[in-house]
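Line by line, the protein sequences are chains D, A, B and V.
The numbers in the working numbering rise by one with no breaks, and the one at position 35 of the first sequence is 35.
The numbers in the working numbering rise by one with no breaks, and the one at position 115 of the second sequence is 115.
The numbers in the working numbering rise by one with no breaks, and the one at position 110 of the third sequence is 110.
The numbers in the working numbering rise by one with no breaks, and the one at position 39 of the fourth sequence is 39.
Where hints are given, some of them may not hold.
To be verified - Below, in silico cross-link-like pairs of lysine-lysine (BS3-like), each with a Cα-Cα straight-line distance of 25 Å or less: (1) V:K137 <-> V:K87; (2) B:K110 <-> D:K110; (3) A:K110 <-> A:K42; (4) V:K42 <-> A:K110; (5) V:K42 <-> V:K110; (6) D:K42 <-> D:K137.
What the hints assert, rightly or not - If you want a taste of the chain D side facing chain V, the calculated C-beta under 7 Å gives, among others: (7) A16; (8) V31; (9) E34; (10) A49; (11) F73; (12) D74; (13) W82.
Don't read these hints as lab results, they were simulated from the structure.
Note that the Cβ used here is the ideal one computed from N, Cα and C, for glycine as well.
Protein chains: 4
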Amino acid sequence: MSDAHEVATELRVRYAETDAQGIVYYANYFVWFEVARVNYLKALGLNYAELERSGLGFVIAEASCRYHAPAHFDEAIIVKTWVEEVKNRSFSLGYQVVNQDSGQALATGKTVQVFVDASGRPIPIPAQIRDSLTRHKRA
Amino acid sequence: MSDAHEVATELRVRYAETDAQGIVYYANYFVWFEVARVNYLKALGLNYAELERSGLGFVIAEASCRYHAPAHFDEAIIVKTWVEEVKNRSFSLGYQVVNQDSGQALATGKTVQVFVDASGRPIPIPAQIRDSLTRHKRA
Amino acid sequence: MSDAHEVATELRVRYAETDAQGIVYYANYFVWFEVARVNYLKALGLNYAELERSGLGFVIAEASCRYHAPAHFDEAIIVKTWVEEVKNRSFSLGYQVVNQDSGQALATGKTVQVFVDASGRPIPIPAQIRDSLTRHKRA
Amino acid sequence: MSDAHEVATELRVRYAETDAQGIVYYANYFVWFEVARVNYLKALGLNYAELERSGLGFVIAEASCRYHAPAHFDEAIIVKTWVEEVKNRSFSLGYQVVNQDSGQALATGKTVQVFVDASGRPIPIPAQIRDSLTRHKRA
């Protein structure tokens, strides 16, 4: 990820993601966070699918979102993602959801991931991954 | 399942299941079919979670739905389920989605399931299960 | 809701709610919170579907969840729900997700709701509803 | 859409779309069909979001899918879409889901859409749209 400490993921709102209020259902922002998270890690050189095939992975320990303005069907969305904190067994990512056309911030969020082995037991973040996460932490 | 050849599963429409048209999003009927399918098999004495733990399972080979009238948030729904056909390695279930208060038929559907082993390879339906499915086939 | 200051909503984990880790996908806890929220308000005498038909409603301003242990397909789940705080235009609910069989706490969460009119503009919580929410606040 | 009678939509499998079998949950193919449908219509010059804002829209009357091989997390997917049939008030689209890397066909599907006015009543397909759909029908 060269020098970028923030990665932007582009999405387009699916009809499936809206609800009867005509806006994106609140839980779906966490799906977008997942898409952005996978993308962020790829930018760091970490392929989550490969990680899992190697018997490692992480589970979500915490997730939160503040909603500022609604998103609607077919709008172009950007989810900016960055590392907030790196601990021994967990790391947290921050997210900002932006309407690509208006530039309006729609939501901000955070997730905490805990590394686990194949049996789901927490383990220290592999050194190489922890180094990479730490190096790219947003100042 | 004593003598019943049709099992009724009760659901209540979740806000998450609606879309910007104010009605239940079309793909979610297939989620309801899954809930009804699991329930139907339990009525037959077959616990799908246990089946998977034993290394077996089935995958969906075909799914279809005809939509007659929309469902809305918080409506009480019944999904009637029955066996349509039993073959060597697959069986099909039929579904009717009904508005519990009005009695109106909202949708009808069908899914075909193929039994697979732990590696995902098609296998004959275990004899006891096939017998049970066949015995409960709707006339 | 007579005197109960906490309402328990029962769910059963759907296959659709699981992911490739074999556990319930983290965003789906927020769907459960919605089901529990609608149920909680009903216990208070507030039907959200009717509220929306009257031109009112609320939007989610904040949502968070801490995950303690995973949930799996077909497990019986209880979501306990209570009022945490009542302000002029918003109120917050707390949730605890429990495995019904083991009694194990799986997750705890919170959502903040802001009342809005038909055009999505924040409005004071209608007095009767605010009184009811306040009266049932968990001590 | 110049001369193309088939439009390809690219997707990447989200973790949220997988289930405990480690593959994409069967109902989510219909979400992909929606994304591909919206994209197909855009290629034809028809923006569905604008259509709805003008008081028109369509509802799904039928949906079906045959599953040939599973899709997994993070795989690159192409959904090819084409017009199958155009009637007075409805039209049907066909879909083929392909693994972009292997070229393997994963699923084929079909949906039937019925045009409705703002009150949900079926109406004839607006002439200009019907002409465009007819013109691009796959031979």
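Unmet hints by their number, sorted upward, for this structure: Per hint list: 4 and 13 violated.
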